Amino acid sequence: MSGIADTLLSGDLPRSRILTALLGVIVGVLALAPLLFDGAQAINTAAKICVFIVLAASYDLLLGYTGIVSFAHTMFFGLGAYGVGLALYGWGATWTSVAAGLALAIVAGLALALVIGLVSLRVKAIFYAMITLAVASAFAILAGQLSDFTGGEDGRSFRVPELLRPATLLFRLPLLNIDITGRTAAYYLVAGSAAGLFLSALRVVNSPFGRVLQAIRENEFRAEAIGFDVVTYRTLGNCLAAVMAVFAGALYALWLRYVGPDTTLSFGIMLDILLMVVIGGMGTLYGAIIGATLFILAQSYLQKLMGAAAKSTQGIPVLPDLLHPDRWLLWLGVLFVLSVYFFPAGIVGTLRSRAVTQEQLPKT
Amino acid sequence: MTTTATEQSTTVDDARPATPRDRLPLLLVPLLALIALPLIGSPTTWVTLTIAALAMGMMIFVISSGLTLVFGLMDVLNFGHGAFIAVGAYVAMSVLALFPGLTQASSLPLNLAGLGLATFAAMLVTGLLGFAFERIIIRPVYGQHLKQILITTGGLIVAEQMIHVLWGGDQKPMPLPAGLRGAFTFGDVNIEKFRILAVAVGLVVFATISLVLNRTKLGLLIRAGVENREMVEALGYRIRRLFTGVFVAGSALAGLGGTLWALYRETLTAAIGGEVIVLVFIVIIIGGLGSVGGCFIGSILVAMMANYTGYLAPKVALASNILLMVAILLWRPQGLYPVAKR
Numbered sequence: 005m006s007g008i009a010d011t012l013l014s015g016d017l018p019r020s021r022i023l024t025a026l027l028g029v030i031v032g033v034l035a036l037a038p039l040l041f042d043g044a045q046a047i048n049t050a051a052k053i054c055v056f057i058v059l060a061a062s063y064d065l066l067l068g069y070t071g072i073v074s075f076a077h078t079m080f081f082g083l084g085a086y087g088v089g090l091a092l093y094g095w096g097a098t099w100t101s102v103a104a105g106l107a108l109a110i111v112a113g114l115a116l117a118l119v120i121g122l123v124s125l126r127v128k129a130i131f132y133a134m135i136t137l138a139v140a141s142a143f144a145i146l147a148g149q150l151s152d153f154t155g156g157e158d159g160r161s162f163r164v165p166e167l168l169r170p171a172t173l174l175f176r177l178p179l180l181n182i183d184i185t186g187r188t189a190a191y192y193l194v195a196g197s198a199a200g201l202f203l204s205a206l207r208v209v210n211s212p213f214g215r216v217l218q219a220i221r222e223n224e225f226r227a228e229a230i231g232f233d234v235v236t237y238r239t240l241g242n243c244l245a246a247v248m249a250v251f252a253g254a255l256y257a258l259w260l261r262y263v264g265p266d267t268t269l270s271f272g273i274m275l276d277i278l279l280m281v282v283i284g285g286m287g288t289l290y291g292a293i294i295g296a297t298l299f300i301l302a303q304s305y306l307q308k309l310m311g312a313a314a315k316s317t318q319g320i321p322v323l324p325d326l327l328h329p330d331r332w333l334l335w336l337g338v339l340f341v342l343s344v345y346f347f348p349a350g351i352v353g354t355l356r357s358r359a360v361t362q363e364q365l366p367k368t
Numbered sequence: 427m428t429t430t431a432t433e434q435s436t437t438v439d440d441a442r443p444a445t446p447r448d449r450l451p452l453l454l455v456p457l458l459a460l461i462a463l464p465l466i467g468s469p470t471t472w473v474t475l476t477i478a479a480l481a482m483g484m485m486i487f488v489i490s491s492g493l494t495l496v497f498g499l500m501d502v503l504n505f506g507h508g509a510f511i512a513v514g515a516y517v518a519m520s521v522l523a524l525f526p527g528l529t530q531a532s533s534l535p536l537n538l539a540g541l542g543l544a545t546f547a548a549m550l551v552t553g554l555l556g557f558a559f560e561r562i563i564i565r566p567v568y569g570q571h572l573k574q575i576l577i578t579t580g581g582l583i584v585a586e587q588m589i590h591v592l593w594g595g596d597q598k599p600m601p602l603p604a605g606l607r608g609a610f611t612f613g614d615v616n617i618e619k620f621r622i623l624a625v626a627v628g629l630v631v632f633a634t635i636s637l638v639l640n641r642t643k644l645g646l647l648i649r650a651g652v653e654n655r656e657m658v659e660a661l662g663y664r665i666r667r668l669f670t671g672v673f674v675a676g677s678a679l680a681g682l683g684g685t686l687w688a689l690y691r692e693t694l695t696a697a698i699g700g701e702v703i704v705l706v707f708i709v710i711i712i713g714g715l716g717s718v719g720g721c722f723i724g725s726i727l728v729a730m731m732a733n734y735t736g737y738l739a740p741k742v743a744l745a746s747n748i749l750l751m752v753a754i755l756l757w758r759p760q761g762l763y764p765v766a767k768r
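So the sequences go chain by chain: A and B.
So in the working numbering the end of the first sequence lands on 368, straight run, no missing numbers.
So in the working numbering the end of the second sequence lands on 768, straight run, no missing numbers.
To be clear, the hints were calculated from the coordinates, so they are not data collected in a lab.
Keep in mind the model is a prediction, meaning the values are calculated, not measured.
It is possible that part of the hints are untrue.
[As the list claims (entries may be wrong)] In silico DSS-like pairs for lysine-lysine, Cα to Cα no more than 30 angstroms straight-line:
#	chain 1	residue 1	chain 2	residue 2
1	A	K52	A	K308
2	B	K598	A	K315
3	B	K573	A	K52
4	A	K52	A	K315
5	B	K598	A	K308
6	B	K598	B	K741
7	B	K619	B	K598
8	B	K619	B	K741
[Claimed, not checked] What the simulated footprint calls covered on chain A by chain B, stretch by stretch (three residues with Cβ under 8 angstroms from a Cβ of chain B suffice, anywhere in the stretch; the number is not a length):
#	region
9	133–139
10	145–151
11	269–278
12	314–326
13	331–338
[As the list claims (entries may be wrong)] Calculated from the model, a selection of chain A residues having no Cβ within reach of chain B, i.e. all distances over 10 angstroms:
#	residue
14	L36
15	A227
16	T361
For each residue, glycine too, the CB sits at the ideal point set by N, CA and C.
All chains should be modelled from the sequences, with the hints used to inform the complete structure.
Written as structure tokens, this is what we have:
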């Protein structure tokens, strides 16, 4: 059993009992979501979590493992979503369109990542962050402006291949009396691909290539001195993360049956990803699972809690405004700042180091 | 290094470096304007656009000069700079709303007094905020770039949300004082009055910064700090205080720039910082991180590009500035005026 897990997880086990339990619960619930929940909101949340786990994991490849801050990750996410979405919109709802759109998006994403990387990865982290911010906002504005092609600010709704349509009834689960529809199939397509992509990312960071990336992150000068070409490795890492984000975007488009600037390209989503990765734990990949789940649950359900809190504090000045449901990002922002200071390793890193100290205690 | 002490004994003017001044980047501004002329066709439109670009460039310069100085001196890039822009604009709006008598009066001096008061309040608040920001947010992460980017971005999120809490999230009008509305017309050329004010303010800021940096002891210390921090400290100056001072000044300038920008747009949302900050980043990359002179030229170039393409092909306005940035980086990979050792 542990042998299989070891292979699947590329020898990078959670290494903390609490973390293992948490991950088990999250993966279990996500795997059975269509059977456990009835409502559309719960399934939507589950699918969104799957997509953002992939997206956050791909961002962690950059931020946590390569040590570069990019603000253009939503651009690649958007490329994937627009690639698949516009292909389905323009060429009809077939699997060929999906494949062609995805292929085009990957090529475009790779080219962009390569160009940005070669122009700016030679210099400092700050330079890269600024250039990606500029390029990504130009891209977002372009996507909003070229309305004949992209649908502009309104985006495009499109039909997906027949297998994935909600109206398609595949079969009926006899015991539970649950209809397995195209929506369920779409969910499992998203969840299955997400699992595959996540495991491949885990494979990459635990490969010799991943080790070199981490070496560069820790000490660029030393890595260069040992003989690794820093720019090449960084650019490759950048391209890899970009392709993974393209995949995440494609999955999101297939699930939503819609693409638009607000769901894929906005700077707000970029900040969301940053928050997920940092709060979950940079450089752990499992942090992406914890961070994305926590964040999206907060986004979907914290607002309700805050609404109730705001009502109960009415009469006190300012406090109801601070607890207004729309202000959930304020509290996550505060959590973000605090976690950069006090838990720079994020939730996963903190749990892991606690597990290590607990293991050592009985021995000494 | 050893010559520093002997050079210091001579007067500031004599100690100027003997290297010839690099004037090539200055030519870019007229070059870009001349390229645009045949493309636009009508000379009067061209003049209007160019003057509008100068005004916009000055506003961007006011905002970005602080950021680039802070980076040059402290090696800190504040991604939260946009928050100061927004806070400055909101404070100015609130103050302007407090004195309708001053802003609605038909006399220009009264209008300017009201505007001056609002600007002063904006700069005071953003300056104080900058002081707190430097102490609380940035001080613990000096020298750690990754954390700086993360922490200042977090500060941006919190600040933007706090604006929502304090002023509400809806779009607010930011009316110009009565005397600054409208335009002067010379033949077919229209020059909005507010733009003249913006150009004047920008030039005053540029002149002040240049004078302080080049002609005062404080400026000498700042420039020396940019060149070699340890040496300045070894000579007995408290560079930390200098850092804080520059950060506060940079934040106050962002407040001033935010006020101008909001008046120029005449509307105000909490996202105003994010809109400008992209242009600001392009400007300081073009100018060379840390260089005020480069920042000045970069601002004008970016504003001209934005205005010309905004007229010729509005859909690709921002993308054209990215192309401008790439072109300049291909020519000078460190920006127009690279600052030593960066």
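Practice problem: Hint by hint, work out which the structure violates, then give me just those numbers in ascending order. | Solution: none
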